[in-house]
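Protein sequences appear in the order of chains U and X.
For the first sequence, the numbering used here assigns the number 135 to the last residue and increments by one with no breaks.
For the second sequence, the numbering used here assigns the number 102 to the last residue and increments by one with no breaks.
To be clear, the hints were calculated from the coordinates, so they are not data collected in a lab.
All values derive from a computational prediction rather than experimental measurement.
Take these hints with a grain of salt, some might be off.
What the hints assert, rightly or not - In the DMTMM-like style, the derived pairs of lysine to aspartate or glutamate whose C-alpha atoms are separated by at most 25 Å in a straight line are:
no. : chain 1 : residue 1 : chain 2 : residue 2
1   : X       : LYS100    : X       : GLU32
2   : U       : LYS99     : U       : ASP23
3   : U       : LYS99     : U       : GLU85
4   : U       : LYS116    : X       : GLU80
5   : U       : LYS79     : U       : GLU124
6   : X       : LYS100    : U       : ASP113
7   : X       : LYS95     : U       : ASP121
8   : U       : LYS79     : U       : GLU36
9   : X       : LYS89     : U       : ASP84
10  : X       : LYS100    : U       : ASP121
11  : X       : LYS95     : X       : GLU80
12  : U       : LYS79     : X       : GLU86
13  : X       : LYS95     : U       : ASP113
14  : U       : LYS6      : U       : GLU97
15  : U       : LYS46     : X       : ASP90
16  : X       : LYS100    : U       : ASP5
17  : X       : LYS100    : U       : ASP9
18  : X       : LYS100    : U       : ASP50
19  : X       : LYS100    : U       : GLU36
20  : U       : LYS46     : X       : GLU80
21  : U       : LYS99     : X       : GLU32
22  : U       : LYS125    : U       : ASP56
23  : U       : LYS125    : X       : GLU86
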Amino acid sequence: MAYSDKVVDHYNNPRNVGSFTRDTPGVGTGLVGAPECGDVMKLQIKVDVDTGVIEDARFKTFGCGSAIASSSLATEWLKGKTLDEAAKIKNTDIVNELKLPPVKIHCSVLAEDAIKAALADYREKWAAKAADAAS
Amino acid sequence: MGLNGSVHPIATGSTPAIAVSSGSACTSATLEPSYVIAALGASAELAHSSIRFSLHRFSTDEEIDFVARRTIAVVRRLREMSPLYELAKDGVDLKSIHWKAE
Chain U
1 MAYSDKVVDH
11 YNNPRNVGSF
21 TRDTPGVGTG
31 LVGAPECGDV
41 MKLQIKVDVD
51 TGVIEDARFK
61 TFGCGSAIAS
71 SSLATEWLKG
81 KTLDEAAKIK
91 NTDIVNELKL
101 PPVKIHCSVL
111 AEDAIKAALA
121 DYREKWAAKA
131 ADAAS
Chain X
1 MGLNGSVHPI
11 ATGSTPAIAV
21 SSGSACTSAT
31 LEPSYVIAAL
41 GASAELAHSS
51 IRFSLHRFST
61 DEEIDFVARR
71 TIAVVRRLRE
81 MSPLYELAKD
91 GVDLKSIHWK
101 AE
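One chain only, chain X, in its complex shape (with noise of 0.2 Å):
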């Protein structure tokens, strides 16, 4: 919680070594939040908060290793920058807040 998972494209710099998406590969096009993540039950803000990685036959267990510890890095950063995550840990409910939806 507390990131946009749509960030992750560029999250490993400018030659990434892992591209990531949110979402499902349907409505990687969209900046609508994931319907097949909706229908599993998740909120919008969840939805976006997804993230898709796909996987290939030749995929070896240390590349998934290598992508789970930059994830752990990257999400612990995101984090650190998202105003969601600094309010949740002050204790405050985000459903409270009256959001000015654009």
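Bound-form chain U, shown alone (with noise of 0.2 Å):
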């Protein structure tokens, strides 16, 4: 099996690997996958709490290339987007970004999950308390 070039890449020169402490205001972190399985990704979005823009992401990943080049993807993607433009990025973005083959789609499904378990932490931990600053 082959990966792509940009898979490759993202896999040499990962993005944005690291963590942010998790209870810095604005962080959400999703952790998803199970050792057992393979495949275990963290990703940590810092939103700006007045705009709701994510500012900064970062993730670790332990996996595969393809698992760790698509969480790499993922939080280039992510850094500049709204919490909605966010959530709507799908893990076939990600396939057809990274030519994934069949053998390795789940890893773009982790990724999403990961996407997706971030925003929700977020919202729990702190969207509660920037509307109430808010108001």
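Two chains, two frames, some hints: make the complex.
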């Protein structure tokens, strides 16, 4: 199985590897997958609580090259998006961009799950506080 | 611990000097962890982290040293990228986490 040039590029030069402290205001964390399945992704967004725009994103991934590339690409796409725009990122967008073969589709599904989990965590932790501050 | 063995076929770049794989040759075409490694008593997580090196009779000491050095560098890089290694370093028992299996 050959990896596409884009997968190899993201694998060799992953974007936005790292972690935010979980309790930093505006940070939402998604942790998806399972060690026994061979893939775990941690994806974090840092949201400007006033504007609702994702100003930064980080990831750490345990998985194959396609899983690392899918999460690296996701963090690139998340930056600068609103929460609503971020929720529209589909796994098929990642499949098309990285030209993932059928056996690696689950990596893109996991990346979409990670985005949704990070958005949900942000909403749970900070969105209510932002609304309180605004009222 | 903390990285997935199947990542290694591309671990040395687009024109790799070394190609290795995860698990036994019997399972290299699937995503399932190696049943050979499992039969040795390893957990699924450890089986996913296994690496298979194949040598031939003309392999030299120098080549093995080269592969060992590259492997150390790649493992360090992938550990820094692994959420599991980060959790383990922070003293979190991975078994205590409720994983949402696919």
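Each hint, compared with the structure:
1. This hinted pair checks out: X/LYS100 and X/GLU32 have alpha carbons roughly 18 Å apart, not beyond 25 Å.
2. A distance of roughly 36 Å separates the Cα atoms of U/LYS99 and U/ASP23; the hinted pair therefore is violated under the 25 Å criterion.
3. Taking the CA atoms of U/LYS99 and U/GLU85, the gap is about 22 Å. The hint holds against a cut of 25 Å.
4. Our distance criterion of 25 Å between C-alpha atoms is met by U/LYS116 and X/GLU80, whose separation comes to about 24 Å.
5. Taking the CA atoms of U/LYS79 and U/GLU124, the gap is near 20 Å; set against the 25 Å cutoff, the hint holds.
6. A distance of roughly 10 Å separates the Cα atoms of X/LYS100 and U/ASP113; the hinted pair therefore holds under the 25 Å criterion.
7. As the CA atoms of X/LYS95 and U/ASP121 are separated by approximately 22 Å, the hinted pair is consistent with the 25 Å bound.
8. Between U/LYS79 and U/GLU36 the CA atoms are separated by roughly 31 Å; this puts the pair beyond 25 Å, and the hint is violated.
9. Using a Cα cut-off of 25 Å, the hinted pair X/LYS89 and U/ASP84 is violated, with the two alpha carbons roughly 35 Å apart.
10. The suggested pairing of X/LYS100 with U/ASP121 holds, with an alpha-carbon distance near 15 Å, which does not exceed 25 Å.
11. The straight-line distance between the Cα atoms of X/LYS95 and X/GLU80 is roughly 20 Å, inside the 25 Å bound, and the hint therefore holds.
12. A threshold of 25 Å between alpha carbons decides the hint, and for U/LYS79 with X/GLU86 the separation of about 23 Å falls inside it, so the pair holds.
13. Distance restraint check for X/LYS95 and U/ASP113: the Cα-Cα separation of roughly 21 Å lies within the 25 Å cut-off, and the hinted pair is therefore satisfied.
14. With a CA separation close to 8 Å, the supplied pair U/LYS6 and U/GLU97 stays within the 25 Å bound.
15. A threshold of 25 Å between alpha carbons decides the hint, and for U/LYS46 with X/ASP90 the separation of about 22 Å falls inside it, so the pair holds.
16. At most 25 Å may separate the alpha-carbon atoms for a hinted pair to count; X/LYS100 and U/ASP5 exceed this at roughly 31 Å.
17. Proximity of X/LYS100 to U/ASP9 is assessed by CA-CA distance (about 29 Å); at most 25 Å being required, the pair is judged violated.
18. Annotation: proposed proximity of X/LYS100 to U/ASP50 is violated, straight-line Cα distance about 32 Å (limit 25 Å).
19. In summary, the hint linking X/LYS100 to U/GLU36 is supported, as the alpha carbons are separated by about 11 Å, within the 25 Å threshold.
20. This hinted pair checks out: U/LYS46 and X/GLU80 have alpha carbons roughly 21 Å apart, not beyond 25 Å.
21. Of the supplied pair hints, the one linking U/LYS99 and X/GLU32 holds, its CA atoms being roughly 22 Å apart against a limit of 25 Å.
22. As the CA atoms of U/LYS125 and U/ASP56 are separated by approximately 17 Å, the hinted pair is consistent with the 25 Å bound.
23. Taking the CA atoms of U/LYS125 and X/GLU86, the gap is near 22 Å; set against the 25 Å cutoff, the hint holds.
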